[in-house]
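Residue numbers (the working numbering), protein chains in the order written: chain A, 1 to 548; chain B, 1001 to 1317.
Since the hints were derived computationally from the structure, they do not count as laboratory data. Note that the structure is a prediction, hence the values are computed from the model and not measured. It cannot be assumed that every hint is accurate.
Stated by the list, open to error - Just the calculated beta-carbon pair ranges, DEER-fashion:
{"id": "1", "chain 1": "A", "residue 1": "Lys-416", "chain 2": "B", "residue 2": "Leu-1034", "range": "42 to 50 Å"}
{"id": "2", "chain 1": "A", "residue 1": "Asp-231", "chain 2": "B", "residue 2": "Val-1118", "range": "50 to 58 Å"}
{"id": "3", "chain 1": "A", "residue 1": "Glu-328", "chain 2": "B", "residue 2": "His-1166", "range": "52 to 60 Å"}
{"id": "4", "chain 1": "B", "residue 1": "Leu-1069", "chain 2": "A", "residue 2": "Phe-310", "range": "32 to 40 Å"}
{"id": "5", "chain 1": "B", "residue 1": "His-1166", "chain 2": "A", "residue 2": "Lys-464", "range": "37 to 45 Å"}
{"id": "6", "chain 1": "A", "residue 1": "Lys-137", "chain 2": "B", "residue 2": "Arg-1012", "range": "51 to 59 Å"}
{"id": "7", "chain 1": "B", "residue 1": "Pro-1035", "chain 2": "A", "residue 2": "Ser-153", "range": "27 to 35 Å"}
What the hints assert, rightly or not - Example chain A residues on the side facing chain B (calculated, C-beta under 8 Å, incomplete):
{"id": "8", "residue": "Asn-47"}
{"id": "9", "residue": "Val-260"}
{"id": "10", "residue": "Ala-433"}
Every residue gets a Cβ at the ideal spot worked out from N, C-alpha and C, and that includes glycine.
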Amino acid sequence: MHATEFKRRAFLAGFSAISATALLTACGGPAATGTPADGGTPVDGGNITFLIQGYDTGWVSSKTSISSYEGNLWGQLTDKLVYVDANGALSPWVAESWEELNGAKDFVIHLKDGVTFSDGTPLDAAAVVANLQAWAKGDPERGISKVGLFPASNYVGAEAADAKTVKVSFSSPALGFIATLAYHGCILLSPETLALPAEAQADLSQEIGSGPFVLKSWKQGDSYVLAKRPDYNWGPAALGHTGPARLDTITYKVIKDTSVRTSTVASGQADVAFNVEPQEIEALKAAGFTVGTPKYLGFVDGFQVNTQAFPTNDVSVRQAIQHGIDREEIRSTVYTPDWDAATTFIQGNVPEAGDYSSSFAFDPDKAGKLLDDAGWKTGSDGYRTKDGKTLEFPLTPNPYVPSTKAEDELIAQQLKRIGIKVTLKVVDVAGYAAIQASRPPLFQTSRSFVDVGTVAGVLTSQNKGEDWFNVGTSDTRLNELSAAVASASDRASREKVTGELQQYVLEQGYFIPLNQLVQRLYLISPKVRDVQYNGLAYANFYTAWIAK
Amino acid sequence: MTNTYGRFALVRTGQAVVVVLLAYILTFLVISVLPGDAITNSLRDPQHGLSEADIQRIVAYYGLDQPVLVQLVLSLGRFLTGQLGFSLQSNLPVAQLVGDALPSTLTLAFTAFVIALVFAVAIAYGAHYAPGRWAGVLRSIPSFFLSVPNFVIGLVLIELFAFRLHSFTTTDPNSAAATLFAAITLAIPVSAPLAEVLLASLDHESRQDYAQVARSRGLTEAALFARHLVKPSALPSVAMIALIVGELLGGSVITETIFGRDGIGTVVQKAVTGEDQPVLQAVVAISAVVFVAVNLAADLLTPLLDPRVKINETVDA
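Let's have the full structure, built from the sequences with the hints guiding it.
This is the structure in structure tokens:
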């Protein structure tokens, strides 16, 4: 079964590459005319078809609003309180303004006037309080989970001061709170929708939002037609557009096969395809298509290292891996120049990201010397040993990011050159949870966040943190830095200490970054203009229009 | 005869019910053995950032923290009382998911079956009667059909007819034209064994005495085929129907995926990858019922159709 699947993939890749190229030539499409997007005067009207691989997890918002697939549709149907742009800058949306008081423990949110849900009910302070409650607590009694990244542990509560003002309080500083409001998990839904049991929320037609598009018709697992809301007039100012959306309809159509999705857009039968193969990007761009490779705010693609497991309990081994991986080769082999090199372990568009690339620069000689000095001797088979134990560990690609398999295959070859034996163990999503629970030496992660404070919540065991590196309280320096990030009450001091934290984590080889992560790719027809991306790498079609 | 047949029918029906129940239980156990469950798998996505305790509270709501046997008994109880429950992945009613997907798959399978039948008869007839070299070519077609993977046929047809000749659009997979090409994709591998069996029995029957007698009466080969050979040659193929139904259901996964059709095949595929037990149980139960019913019908019909088939007193399994 696995063998056939593998052959199938290889065949599809080859076939789709050939067919895409052939099609592009056949269509004689628009020759490369620089940047097709963002040109000309926008016109109203028109319909687009958006191809996506599937909508399997359904429409219970807390469960699926962060999904790469469902999240795309949620973004058109709903609004958020705050907008975050591709550079991580926050700006008003449904929240017109906000105040941060009492050392970031209290907040006052002022709402925009006249915002309504698509059923006509007002999006007022009471509705926002209901949403905050749902994000912070969920309702396990109804099978509805909370929103993971919402700062729930110190959340005290929210109240409507008047119809347009919401007061929110926390028991300790919550610098990340406003940023969280821009997170894709925090979508505003009608209080009536939120009160429904999970089985009723699964019915997309009962999901009432306030976004620029409303649901017109849907058939689960097949197609979803959204139509513009004519009275919409409260989009984020940052998008540079007022009034209703320009497009009349967006049809989200499920086509599971990547090569068919790509060829369908390439042949002009649809306008946008989600997630095409990275290897095809260059040819598609050359033929005039736009390929969006937006980056999201969060951690880069890379490994969290277990400092208690063999062989990564040896700091020399961690540092040798850090310097033994040729990230540039990964970028040119597996990806394209659209992928950016990592400069630290957080994505480059996070405002606090620094440049610490020298602490993980590719330097095989240095890596070899680190291992030599630590007593790892190269044996006859090319692998190093110490005290009779071979320097080896397993590596499991991250099934949530399929391209990591090719990455890890390459890493295994690269580390072999410095005498480290890496065995690949490929599992599916279900198996990956078990891998994570077993705490392997290296665990590949992909995690988004909208506020850098999240970093402090996962690196150590403080405040029920995830203790990514399994250091517990043993590393006082890491715990101090982490605590300082978590408890900071102003951004300038937090940025400084976040920088120290990044440098320390990388030098200790606690986190091994690879490249910046692109988890969502958009292939867009040349006639679709002005698609914008937010800081979570979702395409927004509010401003999009079709060139005649 | 009637008494013996009645008992035969009763035992066969009983066996069919047992097979359906076993299929249900076995699927349940296999899914339970797999690591994780539908809820944990989707909530563990690192993008969620949910804590283990948060996840466990939701898992408990769905009863997935109970012992497997308790879950099995509850699930079986619901199934026997006709409740299919809700999908763990999408929270939608299983009956709705399956009900929405079923017509698409039935249309595809039925069209594919008719096309496979036409292909098989044409190949068998051609191979049997074509002269020399052509017969050889036609006789090799079934093995060729079997050896080309389903998805290759599908992709080639899409490339040719959707993207080059514009006979259909991939964004409207339920149109008549798109359904026809999907059905051809599915029919090709299904027609191969059918053609082989048909051809073999045609070769066999045409050498029989009764065929020689008919020829000596001056019947043309075409008339002989139509009047005397079709019926006895088709009998072994009827026995294959059950296998064909299985192949149509199995093959529909790949065909539906490639053509972007939302059918039972894609529902199963999603349910398996997402460990969506309620959906999977429902589809397995329905498939098992269809499969067993077709087999049962074939078993029960054969003794009535073919007088040469005797019912053994000790009914074999």
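| request: Tell me, in ascending order, the numbers of any earlier hints that this structure violates. | output: Hint check: 1, 3, 5 and 8 fail, others pass.
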